[in-house]
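Asks: Following the hints, complete the assembly by docking chain A onto the known chain R.
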Amino acid sequence: MTKKQKKMLIRILTAAALMITLKFVPLSGIPLFLLWLIPYGIIGWDILKKAWNGILNRQVFDENFLMAVATLGALAIGLLKTGDYDEAVAVMLFYQIGELFQSYAVGKSRRNISELMDIRPDYANIEQGGQLTRVDPDEVEIGTVIVVNPGEKIPLDGVVESGESSLNTSALTGESVPRDVKPGDEVISGCINMSGMLHIRTTKAFGESTVSKVLDLVENASSRKSRSENFIARFARYYTPVVVIGAAVLAVLPPLIRLLLSLTPEWGEWVYRALTFLVISCPCALVISIPLSFFAGIGGAGKAGILIKGSNYLEVLAKTGTVVFDKTGTLTMGVFDVVDIHHSELDRETMLEYAALAECASSHPIAASIRKAWGKPIDLSRVGKVEEIGGNGVVVEIDGKQVAAGSSRLMRHLGIEPVECRSPGTIVHMAIDGGYAGHIVISDVVKPDAAEAIAALKRAGVRSTVMLTGDGPSAAAQVAEALGIDRVHSNLLPGDKVDKVEELLQEKDAGKTLAFVGDGVNDAPVLSRADLGIAMGAMGSDAAIEAADVVLMDDSPMKVSKAIRIARKCMGIVRENIIFALGVKGICLVLGALGIAGMWLAVFADVGVMILAVINAIRALYVKNL
Amino acid sequence: MKKTYKIEVDCANCANKMEDAARKISGVKEVTVNFMTLKMIVEFEEGADPAAVMEQVLDACKKVEEDCEIYL
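Chains as they are written, first to last, in the numbering used here: chain R, 465 to 1090; chain A, 225 to 296.
One chain only, chain R, in its complex shape (with noise of 0.2 angstroms):
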C-alpha cells in the first residue's frame, strides 16, 4: 500500500469505530448530532472539499458532489425528523472503503503487468583492460562486444562471438522451451543466459533493440482506446447528470402531486429516496472496470507472446471472422531448399551454377536457396547485364549466353512454352538462349504445427481461412488440403496481395473482421490494410512492427487462435461487466425509488457491484489456458 491508501485505511478503521462506539452513546438532540460531525468529518472531509473546488470551478455533476449532497441531506434529515445519523455517515465510509480497494486494486495490476514485461535490462558488462565493468546498455555503442553471465538478461540485440548456451526467451516469446545458442548465433535482447557465458558483439544500438521496442509497444498499447472505453466515457458524462435530474424531479414532483390530491405530502421520505438516488448514481464501477479489463488483457497477452498494440484491436480481433495467412514464413518456415532438378538436358551442377549466377544480386529467399545449393563461391565478372522482369524473374547474361530465370509467366512473356511441374514448391523455369533448359523445384518446409493452428482457428469460431502464396497452383492446393485451409489464391505477385485482401474484405460478413498474418517480409501493406494486421516471428522486423497491429513474438501460427480467445475473453469480461452494473444500478434506482431500499443497500449495491467488477475485469490478465 501508498503512503495515501495507509492513510485512507486509518481514517476509515478510525471512523467505523466511531460510528459503532457513537451508537451506544446515551445522547440525543444536538449534541448527539454534533458528536457524529466527527466521524463525519474525518471520513468525508476531502470529498466535501473536492465538490466545494468542483462547484467553484463549474464542474458541477462529479461524484464528490453527489456523495457531499446525498450525505449532508441524510444528515439534515437526520437533525429534523429521525435522530439517526448513521446512515450519512455509513454512505461516507462504504463510498470510502470502495475508492480504497479501486486504487489498491489497480496499483497491484499495473505492478503485476509491469512485472509480467519486466525484460528491462539495467546494465551491460563490457570488458576493459581484463576487468568486467557495467555500464548503462544506452552508452553501448554498435559492435561492441559485450560479456553476458549465467543468469544475467541479455541487454542489446547482437551475435555471439563465443561461448555456449540456452536462452530462456519466455518474457518475449511466452515460449518455455530454452533456445541453445553458439557462435554466429543472433540473439535478441530480453532474453536470459541460463547456463554458459558469452560474448556478444552488439549489432543495435539500445533504442533500436528488441527490448526496447517491445516496452515501448506495451507501454503505449492502453493508449489506443477501445469502443467500449470511450463509450464509458461519453456514458457518465450524460449518466451523472441525467440522474441528479431524475433525483430532483423525484424529491419535489410526488409530493407536489400529493398536495394536488390532498394528501399529505411526505416531504421528508420523498427527499430521502431522492438522496438514495443520488448515491446510486456514481458511475465508479463502469468506470474503472472497463480500461482495467482491457489493460489485464493486453497484459495477459503480452505474457503470452502476443502483443496487443492497442485495446481496439482487442474489440477488433474478438470479432475475427476472416484469418488470411501469407503462406511463407507464417505457415512455412520460410527456409527454403532445392529438392529437384525436373526436364533438363543439362546435368545437375551446370544447371546450379546457372542459376546460381543468375540470381546472384538477389536477396529474395528463394535466390538464397539457389546459391546455398549451388554452394560455390560465385564469379560476378561472368555475369553481364541483369534485368528484372517484375517479379516475375530475371533475364541475365552469362558468359556471353541468355540465361532466363523465374515463373512460368516470364517464359511465356520470352516467348518459350515451360513444363509445368506437378511436385509442391516454388518452381524456377529456367531458358538459356530461348530454348527451355528444364526447372529447378524449391520447397518450403510447413511449419509443424500448422495444420493445428488452422483447426485451432476453426474451433474458435473462425469462418474463413485464405491462404495468399505466389506458388502455382497445384503445389498451393495440396498445400492447403493438407492443412485444411478453405481457400487459396495462388500465382501472386506481392503487389496482388493487397487487391486480394481488398477483394476478400468486401466478401466478408457485416460485423465479422479480417485478420492477417504475415512474416513481416514484403506485407507491410497488406498489414495495414486489414481489419487487423498480425505480424508473426517479428521480432527484428521493424516494418512489421510498424505497420501490425498485434506482434506474436515467436514464429508459431497457434498464436494466433490463442490471440483470439484472449481477445474473446477479454471482450466477454466487459460485455458482463457493463451489463452487471448497469443492471444493479437499474435495478437499485426502481427499488430507490419505491422505496424499498434505503441508502445502506444503495451504498452496498454501489461499492459491492466496483468491487465484483473489478475482480471480474483482474480476470482478463489469466490466459494461460486458453
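Cβ-to-Cβ under 10 angstroms is the rule here; a few derived chain R residues that face chain A:
id : residue
1  : Asp510
2  : Lys514
3  : Asn517
4  : Glu563
5  : Ser573
6  : Arg688
7  : Ala697
8  : Ala700
9  : Pro747
10 : Phe758
11 : Ala760
12 : Ile762
13 : Gly763
Source of the hints: derived by calculation from the structure; they are not laboratory data.
Virtual Cβ for every residue (Gly too), placed ideally from N, Cα, C.
Replies: For chain A alone, kept in the frame of chain R given last:
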C-alpha cells in the same frame, strides 16, 4: 509533435476529466490520458510551444482534479 508525460491521478474518471480538460487547451491537437499506465500522450498543434502549452494543461487539470500531477 507528440510527447508523453508521466502523470499521477487516483481514479479512472478523474483521468477522463483530465483528458477532457487538456483537450480544450489551444495548442493541443489530440490528447490521450492512459489511467492504467499513468501516462498522458499529447499531440501538439504545428508551431505550438510544448512547454507553454503544458503549463496551461497542468493548470486546467488541477482545476478539474485537484490532486493530480503531471511531471513536465
